[in-house]
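Asks: What follows is the residue order along each chain.
Number of protein chains: 2
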Amino acid sequence: MSQLNLKKHHIVVIGAGFGGIDFVNHLKHRDVQITLIDKRNHHLFQPLLYQVASASLAPSEIAWPVRHLFRNRKDVRTLMAEVVDIDKVLRKVILSSGDCILYDSLVIATGATHTYFGNDNWAPYALSLKTLEDATKIRSKILTAFEKAEHSKDDKLKDALQTFVVVGGGATGVEIAGTIAELAHNTLKKDFRFLDTTKTKVLLIEAGPRVLPMFPESLSRYTTKSLEKLGIKVLTNSPVTNCDSEGVVFNGERLMTFNIIWAAGVKASPAAVWLGAESDWAGRVIVDSYLNVPSFPEIFVIGDTASVKMSDGSDVPGIAPAAKQGGEYVANVINNKLKKKPHLKPFKYNHQGNFATIGRSLAVIDLGFIKLRGGVAWWIWKLVHIYFLVGIRSRLSVAISWVWNHTFGYRSSRIIVGDTQEKEGAESN
Amino acid sequence: MSQLNLKKHHIVVIGAGFGGIDFVNHLKHRDVQITLIDKRNHHLFQPLLYQVASASLAPSEIAWPVRHLFRNRKDVRTLMAEVVDIDKVLRKVILSSGDCILYDSLVIATGATHTYFGNDNWAPYALSLKTLEDATKIRSKILTAFEKAEHSKDDKLKDALQTFVVVGGGATGVEIAGTIAELAHNTLKKDFRFLDTTKTKVLLIEAGPRVLPMFPESLSRYTTKSLEKLGIKVLTNSPVTNCDSEGVVFNGERLMTFNIIWAAGVKASPAAVWLGAESDWAGRVIVDSYLNVPSFPEIFVIGDTASVKMSDGSDVPGIAPAAKQGGEYVANVINNKLKKKPHLKPFKYNHQGNFATIGRSLAVIDLGFIKLRGGVAWWIWKLVHIYFLVGIRSRLSVAISWVWNHTFGYRSSRIIVGDTQEKEGAESN
Chain G
1 MSQLNLKKHH
11 IVVIGAGFGG
21 IDFVNHLKHR
31 DVQITLIDKR
41 NHHLFQPLLY
51 QVASASLAPS
61 EIAWPVRHLF
71 RNRKDVRTLM
81 AEVVDIDKVL
91 RKVILSSGDC
101 ILYDSLVIAT
111 GATHTYFGND
121 NWAPYALSLK
131 TLEDATKIRS
141 KILTAFEKAE
151 HSKDDKLKDA
161 LQTFVVVGGG
171 ATGVEIAGTI
181 AELAHNTLKK
191 DFRFLDTTKT
201 KVLLIEAGPR
211 VLPMFPESLS
221 RYTTKSLEKL
231 GIKVLTNSPV
241 TNCDSEGVVF
251 NGERLMTFNI
261 IWAAGVKASP
271 AAVWLGAESD
281 WAGRVIVDSY
291 LNVPSFPEIF
301 VIGDTASVKM
311 SDGSDVPGIA
321 PAAKQGGEYV
331 ANVINNKLKK
341 KPHLKPFKYN
351 HQGNFATIGR
361 SLAVIDLGFI
371 KLRGGVAWWI
381 WKLVHIYFLV
391 GIRSRLSVAI
401 SWVWNHTFGY
411 RSSRIIVGDT
421 QEKEGAESN
Chain Z
1 MSQLNLKKHH
11 IVVIGAGFGG
21 IDFVNHLKHR
31 DVQITLIDKR
41 NHHLFQPLLY
51 QVASASLAPS
61 EIAWPVRHLF
71 RNRKDVRTLM
81 AEVVDIDKVL
91 RKVILSSGDC
101 ILYDSLVIAT
111 GATHTYFGND
121 NWAPYALSLK
131 TLEDATKIRS
141 KILTAFEKAE
151 HSKDDKLKDA
161 LQTFVVVGGG
171 ATGVEIAGTI
181 AELAHNTLKK
191 DFRFLDTTKT
201 KVLLIEAGPR
211 VLPMFPESLS
221 RYTTKSLEKL
231 GIKVLTNSPV
241 TNCDSEGVVF
251 NGERLMTFNI
261 IWAAGVKASP
271 AAVWLGAESD
281 WAGRVIVDSY
291 LNVPSFPEIF
301 VIGDTASVKM
311 SDGSDVPGIA
321 PAAKQGGEYV
331 ANVINNKLKK
341 KPHLKPFKYN
351 HQGNFATIGR
361 SLAVIDLGFI
371 KLRGGVAWWI
381 WKLVHIYFLV
391 GIRSRLSVAI
401 SWVWNHTFGY
411 RSSRIIVGDT
421 QEKEGAESN
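Chains G and Z, in that order, are what the protein sequence lines are.
Going by full-length UniProt numbering, the residue at position 155 of the first sequence is 155; the numbering climbs one at a time, nothing skipped.
Going by full-length UniProt numbering, the residue at position 103 of the second sequence is 103; the numbering climbs one at a time, nothing skipped.
Hints were generated in silico from the structure; no laboratory data involved.
There could be a bad hint or two in this list.
In this list, chains with the same sequence are indistinguishable; a pair is considered to hold if it fits within one copy or across any two.
Claimed, not checked - Dumping the calculated DSS-like pairs for lysine-lysine here, alpha-carbon to alpha-carbon at most 25 Å:
(1) K199 x K348
(2) K28 x K190
(3) K137 x K39
(4) K74 x K7
(5) K339 x K92
(6) K8 x K382
Only chain G is shown next, with the shape it has when bound in the complex (with noise of 0.2 Å):
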């Protein structure tokens, strides 16, 4: 059993998402020791946790034990704890417990959230999406619903109860709105007596003036009419400004449904506070173009957490591949500094492209120098998210799920667990 070695260097991570693994694997030093902290046991592969709300994954297929990833990394260990503030002059983590973790250099990538633009009362009605608890909570959820519906005697109610609302046409809305859609169009299909799941309404509320912003509009575009042909409203321009009990409010109309799915705001993690460092307006430390949180050289902040600049004034992407680039990067600046090399030049994100699934056959995908849309897109996508996926198991296993949906239109995990006998103002029967 190796303890602490003081003499080593030691670098504090905190989050085990795509940055913080990413740095973890980049930084190989002798004289190093990591240590690598989550609240959670497991990495989690975020881009497909929604078919995991759609019941097309199970959670185990997108997770693996942190510990697990660094097992034959003896440099590494792996502590499942909460951080619950830093203390920059004496160089430590300080966590829940109470425990203090003393550091030589700390990187911090853990993240964001979601945000319901102060309305933090809309929680219980807007179920959001990203954390696999969120995920199963949102599949029992949808499932429920149908069940419920299947026996409902009144046509109002059941009317609700087959309502699907999504707030928020970025990626992961679009995503979702699809998947719950031909969950209901074709999946469940023969498997009600009482219900036509075709009638199932699914509404994408997007407040700003189209949906995936991201993309060029031609895609858009594309995007808005594929979801229309899946049975889908797009609405674009329509803030929702109440989420309740009994249904959404937007456009100052209210709308009745049991069934919200919030993937509108995100807001970064509580790191600038941990900090005491400046931050903008979606709660990101600002960092200089090293990753460095200013007069702190010994601190860097990476992936959904931090605020960095391209070269054209925008703000670098909340999404996979910058935090995995931002880990890479601030691994080889420490790895120069260790070794008495010249400073890297400034850390530059570059943009590898945006993808976006439409139901299961339809994707977008912007590659800057090619746009591609429709079903080659989307055989692309799942490549592209298969090599992604952490050992031979997993793609395996996501593989076969994929087929098994592309082909029967059969989804695996379509169980509910957790409290069914809530009542949210809907009864069965």
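Let chain G serve as the given structure and place chain Z on it in line with the hints.
Replies: Same frame as chain G, now just chain Z:
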């Protein structure tokens, strides 16, 4: 959307376990309508539940939506609801929502649950294993214990976190003890830096004189020896007299542990109470030799909820094949009745054998005419269980999980979900 046809004979089935599902599978008659009620939306393959608890399989690999199983049976409607009472005279089933469902024939297949023999206050400390939620809770508990032990500085606490006590030496107890020992001694060995997982203590505590009492004595002895080789301490004639937040008491002594798994007592569902019918010591409804509730020829009870005697005077065991045979038998009884054919012979349980695994490469099988043990028995066990899973998709998925587990010692479902911040006297760090 077909509505309930009041002219047809209406059979209500309560419970979508092995008995209920097999009943519906065997009852096909054009003048019959079936309503299948279950609290949950899924049929669960309970014999493999311990593998979910020990992170080898994912929940969705052993559970299937009930309505999906009968999607091509227009005569079957599925209802996810909780039954709270039965009115035998007016022939109706009463649901927790207050709604009633009238029946012409009633088949009760509500199974069994665990019992703490009157000590329900042990429940928070001694986790039982009957549902998918139970399994993921036990899985999180086991994995969290290792996470906490890794960073515990108190040797006594560390020891208690690394001590697992399984109460009950039946098949479930033996299987879960074996799989925890292998998890600790093999799967997790390389994952920790400050913890020697091979020092994990696993105890199997049985009140009676031997483990696997339903097997011949020679196989019980073999099982005990095999468990001991896996590093498990097997204690027989040791009734547990207390379970609390600090450990377990047996043989007048207290053992400190935070990880107690309860595989000891089984009691029937409250069907006898609903029916106001005579029940045996385990709460099972006493039925006649046609699986009928005396004086109510339209009410049948099958599986773990029924008390049925074999020709030698002993009870039909509470295992899946007995429930399935009961389901098939009652389907034939009702079929004959509807076709005005002569009444069947009394139900005769055909015992096919007992199975239990010991870790990931040994098993014991008692088929009566032949007894098997060791690696061959284990292969047979695997093949039999794969065969009984529902659908090619699940068979493929479970087979892959087992190959990976067996070949690489890898368990894909080692994710902690749910509330990981529970304290229970064990502080991390």
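Asks: For each hint, tell me whether it holds in the structure or not.
Replies: Hint by hint, here is what the structure shows:
| no. | hint | result |
| --- | --- | --- |
| 1 | K199 x K348 | neither (48 Å within a copy, 48 Å between copies) |
| 2 | K28 x K190 | between (54 Å within a copy, 19 Å between copies) |
| 3 | K137 x K39 | both (19 Å within a copy, 18 Å between copies) |
| 4 | K74 x K7 | within (16 Å within a copy, 72 Å between copies) |
| 5 | K339 x K92 | within (24 Å within a copy, 80 Å between copies) |
| 6 | K8 x K382 | neither (42 Å within a copy, 49 Å between copies) |
The structure does not agree with the numbered hints 1 and 6 stated previously, though it agrees with the rest.
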